[in-house]
Amino acid sequence: MAADSGALRRTSDHGSPDTPPLGAVRGQPADPGPLDLDRIIHERVRLGIVSALAVNGSLTFTDLRDLLGTTDGNLSAHARRLEDAGYVACSKSFDGRTPRTEYELTGRGRRELDAYLDHMEAIIDATRE
Amino acid sequence: MNLPAPKLTVSEREPVALRDRAMDNLRFIRETMERSASFTHVSGSGGVAMGLIALTASTFASRPEVPGTWLGTWMGAAVLSFSVAILMMARKSRAAGVPLLTGPGRRFAWSVTPPMAAGGVLTVALVQSGLLHLLPGMWLLLYGTSVVTGGSFSVRPVPMMGVAFMLVGVAALLSPPGWGDAYMAAGFGGLHIVFGIVIWRKHGG
Numbered sequence: 006m007a008a009d010s011g012a013l014r015r016t017s018d019h020g021s022p023d024t025p026p027l028g029a030v031r032g033q034p035a036d037p038g039p040l041d042l043d044r045i046i047h048e049r050v051r052l053g054i055v056s057a058l059a060v061n062g063s064l065t066f067t068d069l070r071d072l073l074g075t076t077d078g079n080l081s082a083h084a085r086r087l088e089d090a091g092y093v094a095c096s097k098s099f100d101g102r103t104p105r106t107e108y109e110l111t112g113r114g115r116r117e118l119d120a121y122l123d124h125m126e127a128i129i130d131a132t133r134e
Numbered sequence: 036m037n038l039p040a041p042k043l044t045v046s047e048r049e050p051v052a053l054r055d056r057a058m059d060n061l062r063f064i065r066e067t068m069e070r071s072a073s074f075t076h077v078s079g080s081g082g083v084a085m086g087l088i089a090l091t092a093s094t095f096a097s098r099p100e101v102p103g104t105w106l107g108t109w110m111g112a113a114v115l116s117f118s119v120a121i122l123m124m125a126r127k128s129r130a131a132g133v134p135l136l137t138g139p140g141r142r143f144a145w146s147v148t149p150p151m152a153a154g155g156v157l158t159v160a161l162v163q164s165g166l167l168h169l170l171p172g173m174w175l176l177l178y179g180t181s182v183v184t185g186g187s188f189s190v191r192p193v194p195m196m197g198v199a200f201m202l203v204g205v206a207a208l209l210s211p212p213g214w215g216d217a218y219m220a221a222g223f224g225g226l227h228i229v230f231g232i233v234i235w236r237k238h239g240g
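The listed protein sequences derive, respectively, from chains F and B.
The opening residue of the first sequence carries number 6 in this note's numbering; numbering runs sequentially from there.
The opening residue of the second sequence carries number 36 in this note's numbering; numbering runs sequentially from there.
Hints listed in this document are in silico derivations from the structure and should not be mistaken for laboratory results.
All residues carry an ideal CB built from backbone N, CA and C; glycine is no exception.
One should not assume that every hint holds.
Per label pair, the in silico range of CB-to-CB distance [as the list claims (entries may be wrong)]: (1) B/L61 to F/T106: 26 to 32 Å; (2) F/R116 to B/L122: 36 to 42 Å; (3) F/T103 to B/V159: 45 to 51 Å; (4) B/A160 to F/E126: 54 to 60 Å; (5) F/R85 to B/R62: 25 to 31 Å; (6) B/R129 to F/G112: 45 to 51 Å; (7) B/A152 to F/R116: 35 to 41 Å; (8) F/G62 to B/L106: 43 to 49 Å; (9) F/C95 to B/L202: 37 to 43 Å; (10) B/W214 to F/D77: 39 to 45 Å; (11) B/S187 to F/E88: 26 to 32 Å; (12) F/R85 to B/L61: 23 to 29 Å; (13) B/T104 to F/R105: 53 to 59 Å.
Just need the whole structure built from these sequences, with the hints factored in.
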């Protein structure tokens, strides 16, 4: 998984140990740069959560944790941040006696992902040789 | 002539780095989406077509007047059914704009293949041993196994259909030899049509 790349594991401006800084890429120095990127969605784990939810109606906490290969604590912190920003909605229920946390993408989350994709494509177009 | 090496400034290098980062991000998004998506290109209408082929085959298979008709009919029906299934899956994936053999589709194909291959080998062995009466139960059981294993990457009705096939296969293996065609019609005919309609209505295609 790309998020596991050692080159991407740097300290971020968001304070999470797994968060690559804005602009970090293999072999390149970290550089916040002039980009006006959506920093909530730009972080790898959060980008993974939003991308996975974009093609699935909803996913459980366990699904997301296994899919993204992250820890409970890390996923929980990033999911909370997305929830606070209104990008994902979280519902809690019980499957028998087992608590079940389910996430789905909100309309705002989908629009922000679309905007992020447009932004990436615009960068690629603008820097085409 | 030795020219001095061009001195790169930050502003000259930055577009390349930016493009690399953007492409890396897009690749990560695509890979995450592919990995998380269920394989939804199992075709419901293809399942119905496979069921109709099996029902037609069951009416021709047990004609005793031509030797070898039974095995030949079912083998022909199998080849025709798999061709229809692959064609319909390719059509459904093309309509969705997603290549058939990426991510979950590839895992689906790899999971379906081993039980199918085992069924092929066992078919040859049982025919050579003259144990044709075991073929319907074995075919149903191993086809069900392959649908269950492949179905773990697909929408829920697919593995459920696999389990139903396995149960019909077990019943066929434990029943008198003369019931084989009835189980073949019920399994490859009935189950394909019923689950095909469910998949068609719930998941399209």
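Against the structure, the hints:
1. B/L61 to F/T106: 26 to 32 Å: 29 Å, holds
2. F/R116 to B/L122: 36 to 42 Å: The hint (36 to 42 Å, Cβ to Cβ) holds, given that F/R116 and B/L122 are roughly 37 Å apart.
3. F/T103 to B/V159: 45 to 51 Å: 47 Å, holds
4. B/A160 to F/E126: 54 to 60 Å: The hint (54 to 60 Å, Cβ to Cβ) holds, given that B/A160 and F/E126 are roughly 56 Å apart.
5. F/R85 to B/R62: 25 to 31 Å: 27 Å, holds
6. B/R129 to F/G112: 45 to 51 Å: 29 Å, violated
7. B/A152 to F/R116: 35 to 41 Å: The hint (35 to 41 Å, Cβ to Cβ) is violated, given that B/A152 and F/R116 are roughly 47 Å apart.
8. F/G62 to B/L106: 43 to 49 Å: Holds: the Cβ-Cβ distance is about 45 Å, inside 43 to 49 Å.
9. F/C95 to B/L202: 37 to 43 Å: 38 Å Cβ-Cβ, so the 37 to 43 Å window holds.
10. B/W214 to F/D77: 39 to 45 Å: 52 Å, violated
11. B/S187 to F/E88: 26 to 32 Å: Since B/S187 and F/E88 have Cβ atoms about 30 Å apart, the given range 26 to 32 Å holds.
12. F/R85 to B/L61: 23 to 29 Å: 26 Å, holds
13. B/T104 to F/R105: 53 to 59 Å: 54 Å, holds
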